[in-house]
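A.B. asks: Residue numbers (the numbering used here), protein chains in the order written: chain P, 1 to 254; chain Y, 1001 to 1405.
Honestly, I wouldn't trust all of these hints.
Claimed, not checked - With a Cα cut of at most 25 Å, we get these calculated SDA-like pairs of lysine to any residue:
no.	chain 1	residue 1	chain 2	residue 2
1	Y	Lys1192	Y	Met1223
2	P	Lys120	P	Glu163
3	Y	Lys1012	P	Val71
4	P	Lys120	Y	Glu1308
5	P	Lys76	Y	Pro1324
6	P	Lys120	P	Gly134
7	P	Lys8	P	Val71
8	P	Lys140	Y	Asn1017
9	Y	Lys1012	Y	Glu1308
10	Y	Lys1192	Y	Thr1358
11	Y	Lys1392	P	Thr15
12	P	Lys140	Y	Pro1324
13	P	Lys165	Y	Met1001
14	P	Lys76	Y	Lys1002
15	Y	Lys1241	Y	Ala1360
Derived by calculation from the structure, the hints in this document are not laboratory data.
In this text, all values refer to a predicted model and were calculated from it rather than measured experimentally.
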Amino acid sequence: MGIVKLHKITRTYRTGTVAVDALRGIDLEIREGVFASIMGASGSGKSTLMNILGCLDQPTSGTFHLDGEDVSTFTKNRLANVRNRTIGFVFQSFHLLPRTSALENVELPLLYSDDHLSWKDIHNRAMNALEIVGLADRAKHNPNELSGGQQQRVAIARALVTEPKILLADEPTGNLDSRTSLEIIDIFQTLNREGLTILMVTHESDIARFSERIITLRDGLIISDKRVEPVQAQTALENWKEQDAVEIENEVTL
Amino acid sequence: MKVSAVPYVAFKAMRRNRMRTVLTALGIVIGVAAVITMVGLGQGASSEVQEQVNRLGQNVVLVFPGSRQLGGVSIGGGSANTLTIEDAHAIRDEIPEVVAASPEVRSQRVVVYGNRNWFTRIYGQSHDYLQIRQWPIESGRMYNEEDVDRAALVAVVGQTIVDELFEGSDPIGETVRVRGLPLEIIGVLAPKGMSLMGSVQDDIFIVPYTTAFQRISGRSHAMVINVQVYDQESMTIAQEKITDLLRERHRLAPYQDDDFTVQTQEDVAEAATETSRIMTVLLASIAGVSLFVGGIGIMNVMLVSVTERTREVGLRLAVGAKSPDVLLQFLIEAVVLCLLGGIGGIILGVITTELIATYAGWPALFSTEAMIVAVGVSAAVGVFFGFYPAWKASRLDPIVALRTE
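If we strip away everything but chain Y, and leave its shape as in the complex, we get (with noise of 0.2 Å):
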């Protein structure tokens, strides 16, 4: 048989049934589809987790107070007053491999500046956080080391309470009140987007820790100190000998378990970036599922298309068709009708994709191999679930299917 009347016979065969093939392809597209916009999502997630464990800053290490024992039993980690502003200067000042320390302490208040308020988080943060959390300043300035000294009433906003206090105007110099002590506001930070949880990061209200501990929050211990490590290999080094410096500090006795706990942006990371991982190979395996179930709604039309086709066999088999000419015509039939189905498959998923990422707000990330995979499994698809049915016709009697009815 001339080679190239293969594919011709095939394309011709389909040309014919037109509303069987679309039909027909419409199970590989729903399921490449799937796979697509499963995958692109997935991977979106990962890489914005990823993002997000970079913005964390480099070289990060966060030390949390230990967990408080109430009558033996633990009521959760950080809820112990165990780290004091002087641990977080002792970090500091006594570990070489650390560059910056910053005693964090957090509280929720009102924000009014004229008519208007805004309920957000206030930190009290050394003058050096910034540059742990590799944060740059869009306007104005951040407070330095003799603001935080003298407990300036000084602030540095994000981005949304720009937006919300001052409706996107320039608020730099501008007083906001908190609970009647008058801030003045000196710098704004870049946008940062989401967190790792899903909060808005941009809705922040930093002020110098001295300020917030003394006339904001009415604590005196810091919820968690940001440690900035000199390089990623001090790291290791670096949290032993926090841990140590702080056992000796908090006068704890060998049997003692620590009364804090110190982790790396990885351990962090490590998490998050597991959950995403597990989430995205679960989502592609339900997609995986819904192409397999469109290739086995191939070769349930294929066959019923053998059985329907059963006189014309029997014409191309009388007219000179080997039978390995007919298995050709129908796997290939079969095997087109997949990649037709990818491909709009690949179009429909990036549509898709698109639109849940648009607004749901997701982020989304297509990825070239993603598609790749999708229309080879999907022409696999159309090999696997093509082959009986093809094998069927080729061994069909052409007197039997010439007599067919």
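Isolated chain P (complex conformation) (with noise of 0.2 Å):
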């Protein structure tokens, strides 16, 4: 059963009189427990795609079914309790809230849900969600005495805190560096092994070698859906001590 079914989605923008067909009939069904990427040039719609898989957006047609339910159809209002219940999301740029601690961050889409949680429940989800992704002995620190990999971190328990079905990632690992970027995927892999879904975003072919499904995009359509082996970023890591060691010795030879 596909958790995510695109059926003929269509989007088109109007700016006055001229009419842009950012997605132009996106079929797609992803299963669930899938860990997915979806690449393309700028302008290919992959960002309109992601938006309308996060529930931001609305489809100018077509059908778009989110864990059963045909959410195209959904006020904004359902949609809001979609994207705080059923989705995490992950920015490249984090999207922390400036002078508020890790935690607080973590706790902020609780505080939002419907479900009249206590406050002892959001703390302590908060602070479970911070321990998956390592960080819960930096639960007081504020974001800007965090690295950009810590910081990407704590925007992943924050997606993981309402415990959604499904988490959209939009290019990740764009504002990290290789071996933080690393990291971070080898999160979303253990993440993915426990049976989260992942769609991610992202226009590096090394960074979607990770994903066991790879969705390309051009010009608001699917030119290409394979399924591939996908890298483990956990031997990465292993092996990016020996490559960081070799080129040292090579600088010494040289």
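Now that you have both chains on their own, put them together as the hints suggest.
C.D. replies: This is the structure in structure tokens:
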């Protein structure tokens, strides 16, 4: 059963008399527990697709079933609930609230939850989410006291805190160096192994190869959809040190 | 959304931007403080006026001489010599509603005691003047009718005279000189404070009117006749009777105007109260304008803050905040800002009022009403001026908001 089912999705932007077709008929089904990448150059429509998948935008035509519900007919308020409950977001630029502790940043989605959680529950769940990304010891730190990788991990904890069905990551490694990128991908792979569906938008094929399915967009259409054997980030991290050492050795011999 | 989370989120956002919060609230602080100070001073003045009026005495009617005509030109009320001592006696004796009547004559003279002297007003009054004015004696006694009849050389003095001439020591039995005339001080009046017109009432030197007319002022006519009426209800009748009596005594033909004026203390008080009331309203309006400006300041800052925090709003919307949640957050921020400003304003206002009252020597009156109104108004200002920015924030498109740098 596909957790995400897109049928003939189109999205047209109108600015005055000019109409731009960002998506021109997307059919896509993603099964539960899959780690998929969406690739494409700028203007290919991948951001638009991501916005629709994230229930931030609605398609001009077509249907979108998310976790069995046709969300393309939902009102704004119901969409907000879907974003809160079913989807976890990770952004390229982290989007953490400044001058607010990591813990409070992670608590944020729970404040908007309709589940009537107690303050204690909110606190405990945020703490658990931070533990999952290995930052429980940094709970009291503000974002400006954390490295880029740590900030992105706080953002992942924030995405996980509502226990969503699907994690949407928009260029999650775009602002990070290669090694930190690997660490973030490693967290994604671990979460995926535990059953979380992950959809990641990226324009780097280096990053896309860690996922098991690569969907490529061009001019608002899917031009390729491949299942691949994912590279394990864990292994890449272990090899990283050797590569590093080799480079230094080379420098020395040169 | 969790109900208790709404104010929590608003407070967190305000704490994150302490400087902005403080500066924004400052406008309201000053506005509210201004309202409280102005209303405080204004009401203080009003109540002072009221008190002054009461101090004038109960059921008092004042009879002034008419204006004197000089070649057809009036040269001012009270300038004519139309009221005699006999008029005063007639008023007292012939009108049943009248309890007491004191013909008054004033002159400015230097009073000498030892090597000290003091320039003051000397009042000639009847023995029942203090009863008319409801002015108690602090020590000694008031001169009696017999003293008046024989134009005794005695005086009753106010607190200022005691301070200036006797440096606070007991003056009773001491003799002072006015133009070489020796006067024995037999009583000291209780302190009374400022008058309606701002003069020091305690700077007073009272002698029997007979003494004043014959030996000090050199005048033969009363400047005012102070009349006390039996009770409040008889005031109007007494006024009419006094008018009739004096017209008859002055032999005025029906076509002639009165050559005197009969006024009640209420007439005098009304004018004074009205003036101070107008001042209070005027001051409060000016303060209100500054509160309004403070409100516009809040709207301005909130609008800037919404633009500045577009990304934050985008993120909140992305993680599940609904439009009303965002609207409420910003609205609460604005209202809390205004309420904090209101409380700060009350504190500042009370301090300012206290300072002005102390240093300028003005009376001040804190009214709880003014404080409640000021805080209520500032909360209303918060809702009113906070709504548009909050509405704007809640209408943001999360996609656009998230992409804003």
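A.B. asks: State the violated hints by number, sorted upward, taking the hints as numbered earlier in the document.
C.D. replies: Violated hints (numbers, rising): 3, 4, 12 and 15; every other hint is consistent with the structure.
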